Amino acid sequence: MQLATGRAPLFPLPMLITVALFMSTPLWITRVGLYQYLALEIMIWVLFAMGYNLLLGFTGLPSFGHGAFFGIGAYAFGLLQLKVWPNLWFDLGGAVLVTSALGALVALFISHRRGIYYALLTIAFGQVFWFVANKWSSVTGGEDGLLNIKRLPADFGFVSFSLTSNTALFFFSLALFALVLVCLWRLIHSPLGRIFSAIKQNETRAAFVGYNVWLYKWLAFTISTAVAGLAGALFAMAQQSAYPNVMSLHTSGFVVMMVLIGGGLVSFWGPLIGAIFFILARDLLGAYTETWLLWYGLIFMVMVVFKPEGIAGAWQSWRARPRHKSKSPTEAPAAGGAL
Amino acid sequence: MKLFEASGLSKRFGAQVVLQDITLGFEEGQLTGIMGPNGAGKTTCFNVLTGRYKPDRGSVTFAGENITGLSPREIARKGISRSFQIMNLFDSYTALDNVLVATPHVRKQGFNPWRDLGADSKAQALAAAVLERVGLKGKEYVLANSLSYGDRRALEIGVALATDPRMLFLDEPTAGLGAEGTARLAELVKTLKRQLTIVIIEHDMNFLFNLADQILVIHWGQVITQGTPAELRQNEWVRRSNLGALA
Chain A
1 MQLATGRAPL FPLPMLITVA LFMSTPLWIT RVGLYQYLAL EIMIWVLFAM GYNLLLGFTG
61 LPSFGHGAFF GIGAYAFGLL QLKVWPNLWF DLGGAVLVTS ALGALVALFI SHRRGIYYAL
121 LTIAFGQVFW FVANKWSSVT GGEDGLLNIK RLPADFGFVS FSLTSNTALF FFSLALFALV
181 LVCLWRLIHS PLGRIFSAIK QNETRAAFVG YNVWLYKWLA FTISTAVAGL AGALFAMAQQ
241 SAYPNVMSLH TSGFVVMMVL IGGGLVSFWG PLIGAIFFIL ARDLLGAYTE TWLLWYGLIF
301 MVMVVFKPEG IAGAWQSWRA RPRHKSKSPT EAPAAGGAL
Chain B
1 MKLFEASGLS KRFGAQVVLQ DITLGFEEGQ LTGIMGPNGA GKTTCFNVLT GRYKPDRGSV
61 TFAGENITGL SPREIARKGI SRSFQIMNLF DSYTALDNVL VATPHVRKQG FNPWRDLGAD
121 SKAQALAAAV LERVGLKGKE YVLANSLSYG DRRALEIGVA LATDPRMLFL DEPTAGLGAE
181 GTARLAELVK TLKRQLTIVI IEHDMNFLFN LADQILVIHW GQVITQGTPA ELRQNEWVRR
241 SNLGALA
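Going down the list, the sequences are from chains A and B. The first sequence runs 1 to 339 under this note's numbering. The second sequence runs 1 to 247 under this note's numbering.
Looking at chain A on its own, in the form it has when it is part of the complex (with noise of 0.2 Å):
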């Protein structure tokens, strides 16, 4: 992916359109046939995807398990929440502590690989957490799973918010969407971002101009893992439960789906389009068949085929189609990129 050389903006207009268009959706959702849970299902599974793309498309690491990341982030919300401390803070703290530490702890046995033996990793480590979630019941409620999660308040002391309603919950993770998108944004600009993006190109040169990349690759692996925990603890909130489905490897599956329909390797905005895309073509496609996923998969494969970019490189192709004055190569690309 290439990054645009210059000035990246704090806010780029992607993304106040995103937050916009989101805030917004309590004015119109409902007229076009929709419903406010699909809102913020949709921005639990936009977070889970942009997280990943720092993985995958930013680093070049192809994780197929990392549905287990966002159901560890599901069960660990509901566990501390159940067995611990019933506090909002505490509990979403806690799931993106407890998701990103078994992050780290399984990056550092798959970080000194690539390709397909690290992909091979990622899956079997995601099969090890989905067979220990269905298998210890005890403590992770076997198939059932854990049920009765609460909507905890949003206590900030002086002032308390109720999340029970869907609207309000909603608010509540725009607001935390917003702060991991303007940081994943950042990210990807700062320094740590570069040669993330340098090692996805080439591992070999980033260790000849001395970066240890075997740390960048750990890291980049326990960064998104803690947004999967995050995104998996808010999916535990909007279910009110937390079940082995969530960290299946179909969910692993989905996931790589949104961001490469989406045009993750391409494009920041990639996870965003595809996640959207994903989610109503489920709700859209499912309201008129049961088989919606087999369509799904049609048009996965055609634009593996024909658009291999997704639908943000479909995008970039159309800007970047000939004009009648092309610009010199001298001069800086405009600034913030990576659209």
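In case anyone wonders, no lab produced these hints; they're calculated from the structure. Check before you lean on any hint, since a few could be wrong.
Claimed, not checked - Label-pair ranges, simulated between beta-carbon atoms:
hint	chain 1	residue 1	chain 2	residue 2	range
1	B	A129	A	L105	39 to 45 Å
2	B	S10	A	L298	54 to 60 Å
3	A	F158	B	A129	49 to 55 Å
4	A	G115	B	Q195	34 to 40 Å
5	A	K83	B	A119	57 to 63 Å
6	B	Q195	A	R7	51 to 57 Å
7	B	Q195	A	A104	38 to 44 Å
8	A	G115	B	E187	35 to 41 Å
9	B	E65	A	R7	54 to 60 Å
On a predicted model such as this, the values are computed, not experimentally measured, just so you know. We put the CB at the ideal spot given by N, CA and C, even for glycine.
Following the hints, complete the assembly by docking chain B onto the known chain A.
Same frame as chain A, now just chain B:
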């Protein structure tokens, strides 16, 4: 006192002995050429000296410090940089970004997740200066994979130089270049020669004999002879071999 010394280096891959008891040294500020036929072990020698492969036996010292078996990252941080025979660039980055990420200035901030590198004018200026040094001024914002072959070769050296090395290893820098490209590269190396200790593996004997202060000949994984270009021109073995004919 030599800046870089290797003593008794040996390396084998399975049953095949690639380097056998190699001892060599490079004086500070000198340009040393390494020549030899294909398969002689030149690139393996480079790879052992720069940390890509660990030697089976022997030691390597740089500025008096033992660097035997250190990783490429550790060796790069000590001030040794290299280019590759098969080009190793960050292809999706612009020429400027290729150099930018290699600078110690950026490396020092490597774990900063917040600072906007695009707004770091000092880093940009440093990178632009390196590009100017290797003759790529005006091509800062061209993607590496869109550069001409000769420019990619220059950028390969630019990335190596960006690490601010004390010592530079260049592996067949003229490979694939035409006469004009080779002449441009020779000019660049001449400029660098005054500033750095350089070791070059090269098949273009004219290039090497015109630039080098000292030349080593490697064959069958051993240093079979060494000397100044004038001495090597008189060397019986070199004169009899194809290498001598080219020189």
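Cross-check of the supplied hints:
no. : hint                        : verdict
1   : A129/B / L105/A: 39 to 45 Å : holds, 43 Å
2   : S10/B / L298/A: 54 to 60 Å  : holds, 58 Å
3   : F158/A / A129/B: 49 to 55 Å : holds, 54 Å
4   : G115/A / Q195/B: 34 to 40 Å : holds, 39 Å
5   : K83/A / A119/B: 57 to 63 Å  : violated, 46 Å
6   : Q195/B / R7/A: 51 to 57 Å   : violated, 32 Å
7   : Q195/B / A104/A: 38 to 44 Å : holds, 43 Å
8   : G115/A / E187/B: 35 to 41 Å : holds, 40 Å
9   : E65/B / R7/A: 54 to 60 Å    : violated, 40 Å
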